[in-house]
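Enquirer: Chain residues, written in single-letter form:
Protein chains: 2
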Amino acid sequence: MEKQDLGRTEIASLGEFGLIEHLTKNFEIQKEKSHNGIGDDAAVIDNTGFLTVVSTDLLVEGVHFDLMYCPLKHLGYKAVVVNLSDIYAMNARPKQVTVSIAVSNRFSVEGLDELYDGIHAACKNYGVDLVGGDTTSSQKGLIISVTAIGQGEQGKLTYRSGARPGDLLCVTGDLGAAYLGLQILEREKQLYLSSPDIQPDLEEQQYIIGRFLKPEARKEMIEIFEKAKLVPTAMMDVSDGISSDLMHICKQSGVGAIIEESGVPMQNDTKLLALKFKLDPLTCALNGGEDYELLFTIDPKDLEKVRLLPDIYIMGEITEASEGIKLHTESGKRHDLLAQGWRHF
Amino acid sequence: MEKQDLGRTEIASLGEFGLIEHLTKNFEIQKEKSHNGIGDDAAVIDNTGFLTVVSTDLLVEGVHFDLMYCPLKHLGYKAVVVNLSDIYAMNARPKQVTVSIAVSNRFSVEGLDELYDGIHAACKNYGVDLVGGDTTSSQKGLIISVTAIGQGEQGKLTYRSGARPGDLLCVTGDLGAAYLGLQILEREKQLYLSSPDIQPDLEEQQYIIGRFLKPEARKEMIEIFEKAKLVPTAMMDVSDGISSDLMHICKQSGVGAIIEESGVPMQNDTKLLALKFKLDPLTCALNGGEDYELLFTIDPKDLEKVRLLPDIYIMGEITEASEGIKLHTESGKRHDLLAQGWRHF
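Protein chains in written order, with the numbering used here: chain A, 119 to 463; chain B, 119 to 463.
Note that these hints are calculated values from the structure, not bench results.
By construction, the Cβ of each residue, glycine as well, lies at the ideal position given by its N, Cα and C atoms.
Honestly, I wouldn't trust all of these hints.
Mimicking DMTMM-like on lysine to aspartate or glutamate, the simulated pairs with C-alpha atoms at most 25 Å apart in a straight line are [what the hints assert, rightly or not]: (1) A:Lys419 / A:Asp398; (2) A:Lys369 / B:Asp420; (3) B:Lys143 / B:Glu228; (4) A:Lys258 / B:Glu128; (5) B:Lys369 / A:Glu146.
Computed footprint of chain A on chain B; a stretch qualifies when at least three of its residues, placed anywhere within it, have a C-beta under 8 Å from a C-beta of chain A [claimed, not checked]: (6) 384 to 393; (7) 417 to 427.
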């Protein structure tokens with residue numbers, strides 16, 4: 119049993135409906151298109167004239183997050199952002215989210231307030247409305263389910279199935295940092311568990327840890343694509359790791375691919391940290407995951423458009439399916455790219 | 119540790135993506151409007167010309183269901199149906215669902231196949247498409263998150279906030295049976311736990327148990343409303359129990375209500391069983407919940423329309439907020455209706 123802290127409000131003191139009201143009182147509807155907010159049987163959204171794009175995720179404490187190093191506020195922020203990232207990966211615009219949580223009585227109302235502060239910050243930063251959800255209890259731990267709803271236009275949506283041989287394989291931003299951020303936090307957790315009085319100094323690694331704890335979705339990239347009149351042939355976000363994610367594109371498009379080692383974007387700090395952890399930097403970049411960058415393919419005729427755009431890297435090429443999915447190393451070798459995404463089972 | 123049964127396939131043997139493919143292989147897209155099925159970052163839905171209606175629920179083993187008496191197939195069916203019920207309660211038509219599950223390794227692939235058989239049956243019966251979801255592991259038990267997406271028309275959607283004093287309060291079907299179905303199953307569970315060799319005989323109570331284990335949503339009622347050109351002023355589905363649900367309508371509409379005891383529809387079998395359990399039948403009907411009937415209000419000028427429709431009961435009237443929410447008993451007394459919906463905290 120947990121001690122009753124001063125300043126701790128038991129969830130039971132509010133009840134289910136009271137809790138929903140309490141947690142969502144600061145969420146004002148931003149979009150005119152969100153007709154109906156929280157508190158009816160269903161949310162009502164005006165997507166007339168647009169296609170509706172829907173993505174959903176289920177996050178389970180102990181499987182997808184560890185509250186020992188993941189502050190509840192960051193968790194709320196990340197839970198929303200990773201779903202928005204899926205909508206952007208369709209070349210669509212997220213407009214609404216629903217958030218459902220199940221919590222054990224280990225959590226106080228103040229703890230859930232932190233979680234919802236993060237959810238609120240994400241909604242605000244990305245201009246989306248919280249329009250519904252469910253709040254209930256769990257026997258153990260925290261469970262978060264987020265559904266993101268967006269708008270897309272016919273002919274502009276990017277599926278995983280649209281890559282064709284000869285297309286260029288591109289990625290935004292830099293890779294591998296989120297995975298190394300997790301490694302730092304895991305190491306600090308072990309140190310803390312063995313010597314609770316040592317205070318970790320994580321200042322230096324703020325970028326890398328931030329990439330894991332508080333990722334951002336590539337909203338501006340979708341806006342840049344639109345201005346440049348660029349529609350990728352296929353796109354997805356980097357969640358399980360490039361190797362695993364690229365495998366999905368290749369499978370669904372019926373194509374192969376080749377990645378150039380020299381084309382894989384990594385920050386120097388990430389590379390150095392990988393070596394410090396005795397990890398292969400390239401493996402971190404290709405298999406780490408949780409970068410929430412955009413992995414996409416373009417028709418070669420769009421190359422000039424992409425060359426002018428910031429923060430996009432051409433990493434390889436789409437090939438015939440018979441050629442498989444290969445990595446071309448800087449030493450000139452070609453070998454099979456192995457998908458080792460995060461497996462939850 | 120669970121014994122390895124013959125015919126038991128470990129989830130780990132398929133992996134996450136293999137499991138999704140396996141579980142969803144029989145789900146064919148039924149609607150032309152579901153552009154993109156399972157297997158991309160997000161589902162794409164053509165709701166152009168309509169408002170999009172979204173509802174979501176999170177179900178946790180040990181809190182919302184007990185697998186000792188709830189077969190996985192029924193659970194899958196019910197998990198979908200209760201969400202569709204929320205869409206119908208908006209006077210809208212569900213078109214798609216997303217289903218996310220988190221499972222511990224206690225479950226086999228065969229067990230999840232059962233669950234998805236039920237999900238499939240519900241999708242087929244109600245003509246909705248499974249268009250996405252997430253499949254992951256939990257540390258303990260089964261967690262199911264369902265999001266239902268539907269279409270509605272401006273001017274025809276029914277919110278909880280539209281009831282006005284003088285409106286008639288109506289309900290479909292009959293009440294209280296689901297709650298008594300649960301009581302039977304709980305009793306049988308206790309009997310089984312104390313004497314595992316006694317086989318329960320539940321034949322006689324099939325209707326009542328079915329109301330709890332395999333509820334149906336009132337799809338046909340929405341169609342009947344449309345044919346009759348009837349748009350309720352407010353509507354919601356009966357999930358927590360009439361008392362609690364009516365409280366929501368009254369609060370959001372800024373009105374009061376009076377229920378006539380004589381107008382509360384119950385089947386005789388339900389009443390008899392309540393008495394057998396030494397429960398007050400009216401309390402079961404008003405506070406039991408999980409009936410998934412429709413509770414709605416109509417403008418009195420629509421009375422003639424409703425009189426001609428099947429399976430609708432006029433249960434009371436909407437009053438001024440100052441009059442509160444009252445029950446008028448058959449003995450002529452008026453007292454406050456107490457909301458005692460199912461509280462998960």
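Enquirer: For every hint, state whether the structure bears it out.
Expert: We went through each hint and held it up to the structure:
1. Pair hint Lys419 of chain A plus Asp398 of chain A does not hold up; C-alpha atoms about 35 Å apart against a cutoff of 25 Å.
2. Between Lys369 of chain A and Asp420 of chain B, the direct Cα distance comes to roughly 56 Å. Violation of the 25 Å bound is thereby established for this hinted pair.
3. Distance restraint check for Lys143 of chain B and Glu228 of chain B: the Cα-Cα separation of roughly 14 Å lies within the 25 Å cut-off, and the hinted pair is therefore satisfied.
4. Restraint check for Lys258 of chain A and Glu128 of chain B: the C-alpha separation of about 23 Å stays at or below 25 Å, so the hint holds.
5. Between the alpha carbons of Lys369 of chain B and Glu146 of chain A the distance comes to roughly 19 Å, so the proposed pair stays at or under 25 Å and holds.
6. Coverage of the region 384 to 393 of chain B by chain A is violated [criterion: at least 3 residues with CB-CB distance below 8 Å; count 0].
7. Coverage of the region 417 to 427 of chain B by chain A is violated. Counting CB-CB distances below 8 Å, 0 residues qualify, and the rule asks for three or more.
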